[in-house]
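Novice: Based on the hints, put chain A in the right spot on chain S.
Number of protein chains: 2
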Amino acid sequence: MTHGCFYMKLSPLEQSILDSFPVGAKQLLVAVSGGVDSVTLLYALTRLSATLNVSLHAAHLDHQIRQESAADAVFVRDLCAQWNVPCDVESCAVADLAQQRKLSVEMAGRQARREFLQRLAVEVDADAISLAHHQDDQVETFMLRLLRGSGQSGLASMRVCQAIWWRPLLGCSREQILAYAQQHGLPWVEDQSNKNPKYLRNQLRHELIPQMLKINPSFKTQIAGLTQRIQVEEDYWQEQVVRQVNELALPCADGLRLGRDALLALHPALRVRTLREALQQVRGDLQRIEAIHLQAIEALLSGIKSQAQLNLPGCWVARRYDALWFRATAPELPSPFNLPLPLSGELELPDGRVLRTSTQDELEGESAWVTEYSLAALSQPLRVRSWLPGDRFVPSGMFGHKKLKSFFSDNQIEIEARLTMPLLVCGDTILWVVGARRSGCAVAGQGQGKVLRVELI
Amino acid sequence: MTHGCFYMKLSPLEQSILDSFPVGAKQLLVAVSGGVDSVTLLYALTRLSATLNVSLHAAHLDHQIRQESAADAVFVRDLCAQWNVPCDVESCAVADLAQQRKLSVEMAGRQARREFLQRLAVEVDADAISLAHHQDDQVETFMLRLLRGSGQSGLASMRVCQAIWWRPLLGCSREQILAYAQQHGLPWVEDQSNKNPKYLRNQLRHELIPQMLKINPSFKTQIAGLTQRIQVEEDYWQEQVVRQVNELALPCADGLRLGRDALLALHPALRVRTLREALQQVRGDLQRIEAIHLQAIEALLSGIKSQAQLNLPGCWVARRYDALWFRATAPELPSPFNLPLPLSGELELPDGRVLRTSTQDELEGESAWVTEYSLAALSQPLRVRSWLPGDRFVPSGMFGHKKLKSFFSDNQIEIEARLTMPLLVCGDTILWVVGARRSGCAVAGQGQGKVLRVELI
Chain S
1 MTHGCFYMKL SPLEQSILDS FPVGAKQLLV AVSGGVDSVT LLYALTRLSA
51 TLNVSLHAAH LDHQIRQESA ADAVFVRDLC AQWNVPCDVE SCAVADLAQQ
101 RKLSVEMAGR QARREFLQRL AVEVDADAIS LAHHQDDQVE TFMLRLLRGS
151 GQSGLASMRV CQAIWWRPLL GCSREQILAY AQQHGLPWVE DQSNKNPKYL
201 RNQLRHELIP QMLKINPSFK TQIAGLTQRI QVEEDYWQEQ VVRQVNELAL
251 PCADGLRLGR DALLALHPAL RVRTLREALQ QVRGDLQRIE AIHLQAIEAL
301 LSGIKSQAQL NLPGCWVARR YDALWFRATA PELPSPFNLP LPLSGELELP
351 DGRVLRTSTQ DELEGESAWV TEYSLAALSQ PLRVRSWLPG DRFVPSGMFG
401 HKKLKSFFSD NQIEIEARLT MPLLVCGDTI LWVVGARRSG CAVAGQGQGK
451 VLRVELI
Chain A
1 MTHGCFYMKL SPLEQSILDS FPVGAKQLLV AVSGGVDSVT LLYALTRLSA
51 TLNVSLHAAH LDHQIRQESA ADAVFVRDLC AQWNVPCDVE SCAVADLAQQ
101 RKLSVEMAGR QARREFLQRL AVEVDADAIS LAHHQDDQVE TFMLRLLRGS
151 GQSGLASMRV CQAIWWRPLL GCSREQILAY AQQHGLPWVE DQSNKNPKYL
201 RNQLRHELIP QMLKINPSFK TQIAGLTQRI QVEEDYWQEQ VVRQVNELAL
251 PCADGLRLGR DALLALHPAL RVRTLREALQ QVRGDLQRIE AIHLQAIEAL
301 LSGIKSQAQL NLPGCWVARR YDALWFRATA PELPSPFNLP LPLSGELELP
351 DGRVLRTSTQ DELEGESAWV TEYSLAALSQ PLRVRSWLPG DRFVPSGMFG
401 HKKLKSFFSD NQIEIEARLT MPLLVCGDTI LWVVGARRSG CAVAGQGQGK
451 VLRVELI
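Taken in sequence, the protein lines are chains S and A.
Residue 206 in UniProt numbering sits at position 206 of the first sequence; the count goes up by one each step and never skips.
Residue 26 in UniProt numbering sits at position 26 of the second sequence; the count goes up by one each step and never skips.
Bear in mind the hints are in silico, worked out from the structure with no lab data behind them.
Note that this is a predicted model, so its numbers are computed, not measured.
Any given hint could turn out to be false.
The list treats identical chains as interchangeable, and a pair is accepted whether it falls inside one copy or across any two copies.
As the list claims (entries may be wrong) - Straight line, CA to CA, 27 Å or less: simulated BS3-like cross-link-like pairs of lysine-lysine:
id, residue 1, residue 2
1, Lys405, Lys305
2, Lys198, Lys214
3, Lys450, Lys195
4, Lys102, Lys214
5, Lys403, Lys305
6, Lys195, Lys102
7, Lys195, Lys214
8, Lys220, Lys198
9, Lys9, Lys305
Same shape as in the complex, but just chain S:
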């Protein structure tokens, strides 16, 4: 975004803010810890707010983990009062939260901050939340993710603009921010936890990254450039995979189904990214999804088993013949049923369909939805029940028994459909795999006595 006329000379830091300003934002929420980065960001924003025609609102969360944290909160409140920026301060017992959510204190603090800021953004009707992350933070994030075994997407690290979050200083170095703060005589507090070597980020900051800078003095700007280029490629992949998921999607009542042949025809790189996108769509995110999970899905896809399923962290993936089926959770298996069928009347099946029976003198003819039986041949009361392991029947027109399991398999009837499929039985004899195949038993003949007519509605 360019702005027509200025009455002051802008520093590169201020220029970064202007260049990345979210077009049309009228209200900004600024996260202020009280450290030099966020104080500098807040100050630069106050200088630019008239030019940008934007109102500021500051936010500070007291983590209650350091002794001086209450003092930091007072510092931020006073500074905002002095700079005429409305400010909200809240407290959160992050250590307790960490225990409660089974997270590291770092991660719990991060979650608490994000939740606080997102809630406050709604309250003050903010168009964006400004964070003071800078280039050094970006390099640390990249190295942290590399160390933790992140994939390519994770290495893209932080973005200047991502949903409501805005990081205008992401291209500025720590030195640049410090120089700006000193030049403008800004006050700030030092966060002592930045020196605590128990945090991995601090080990990186104070040990590993300085060693890398000794080897290559341009290391930080090069990694920052790399993250930008990875981000551009991630955007490209995102376009591709969204298109693929849309193109490959099959009709599906719950979850997402993708065509197997179409998946297998994709380049492996595009395929694995498309599978990730499917997971993202059914899970909401990709947390705890690792390369090994995607390899398992690949194996499911290309394996010889035509029906199989995987329970993965936060989702369930199944192969069902020519489809790969993604759901947040495994589908609930329908309960078995076993119901008496009157010789004349209606029976509602568990899936909502209805079987209607009537006793007649004449044949009317069978179809996929209608069968007729010789009433005289039915020695026992009729029942309608669900499939049981070991079920066999004599398909009409065939000699001998066939396992129902084989019949289901031959007809590509999926596991879930097998369990809801009603079977019309007389004692141990399956008369009709309802709607699918009649058995050769109790066939009614013209003029051979009463006929039981069973109709699926």
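Specialist: Coordinates of chain A only, in the frame set by chain S:
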């Protein structure tokens, strides 16, 4: 590749060799430094050669940089004799080569080895050259490239199979190789230069990577996995960019021309990769090409100048109106010319075309390739010359002068074509921008005396 029957139990290391064996290879050249990695590879290959139905040939290059290097050569020669593997040993004064080629000793050694192996591979008719790089080398290569500011493609690091090179141990750890060597009682020599901290690779091996392993014990396997996934994506990109370059290519006599609008329509990630592929095609490789060069080409492409050019390392890129033109070197600019034109006869132009003149009594009519002039109006001898800065003429049908430069620009005549375009002049007056536009001077009228007819053939 799978093999039907074995008479021995294979170790995972040997299995890696079998699994990645280049299908159909009959003759292998094995690079043997004498260190544990290459001795292990050679030994495992001798064990598998019958199963693989492949002949082995060893190769050792004595770098002459270490005191014990001659002894290493003897060691390798003796070992190969003992194992019945034919072996070629050569010497190369790598230190001198480094000075001569202005390279580091490491890089000169690498080049010397590759040249030696490639030459020997031709001599022994080898189908592949086996190198003993393993997972630890791969992680070091990744980290080295990251430290040196490599882009995404470079981070793909080494491949198991790449052209004639085969690295069957790339998935095996250093510990695995050492254990195999010890189990089989193999002898080897220690390369003292592996301990020299002046080599960056050794700093990584002995300092940085151990620190990273302390933070994350799975660091090495995770980085190895990351390089594999990056390789799969690089293969995808390669497919995409080759297709793009083919689709976007314009007819071009020398070098490569891509359509500008089509390039601008691509996603930025695909565009920058397509530009890199164009560079690769005209240069043969991408050495010394950095992100900044691609940014310069992007600027050339999207800038307001319709003609401009860049001299980049090992190549030349120009915008020429709606095309981007890639060449290994800048095109040679044609020499200026200034030739007398007889009133009747032929003149061969520098570009090979011919101007034919004749004096006639009658008009015959003009065309794009023929003009006619009133001989009486031609006060001075005619000449044909190339464009000079400041040239102006009166285009026929217009009032007043026009700068020839503007005329060229209006007609999108490219810089190189401007310099070969012949101008028919009489003194200071341009009569004809040959083949492009006649001037309004010396127009011949019917029945107004002798006519000079000039024809471009």
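Novice: Run every hint past the structure and note whether it holds.
Specialist: Hints, one by one, checked against the model:
Within a single copy, Lys405 and Lys305 get their C-alpha atoms as close as 15 Å, which meets the 27 Å cut-off; across copies the closest is 72 Å, which misses it. For the homomeric pair Lys198 and Lys214, the shortest alpha-carbon distances inside one copy (23 Å) and between copies (13 Å) are both at most 27 Å. For a Cα distance limit of 27 Å, the shortest separation of Lys450 from Lys195 qualifies neither inside one copy, at 92 Å, nor across copies, at 98 Å. Within a single copy, Lys102 and Lys214 get their C-alpha atoms only as close as 38 Å, which misses the 27 Å cut-off; across copies the closest is 24 Å, which meets it.
For the homomeric pair Lys403 and Lys305, the shortest alpha-carbon distance inside one copy (19 Å) is at most 27 Å, but the shortest distance between copies (77 Å) is not. For the homomeric pair Lys195 and Lys102, the shortest alpha-carbon distance inside one copy (24 Å) is at most 27 Å, but the shortest distance between copies (44 Å) is not. Taking the shortest Cα distances, Lys195 and Lys214 sit within 27 Å of each other both inside one copy (21 Å) and across copies (19 Å). When the C-alpha separation of Lys220 and Lys198 is checked against a cutoff of 27 Å, the pair qualifies both within a copy, at 23 Å, and between copies, at 22 Å.
For the identical chains of this complex, Lys9 and Lys305 are neighbours neither inside a copy (68 Å) nor across copies (29 Å), given an alpha-carbon limit of 27 Å.
Figure legend: structure checked against the earlier numbered hints; hints not met, in rising order: 3 and 9.
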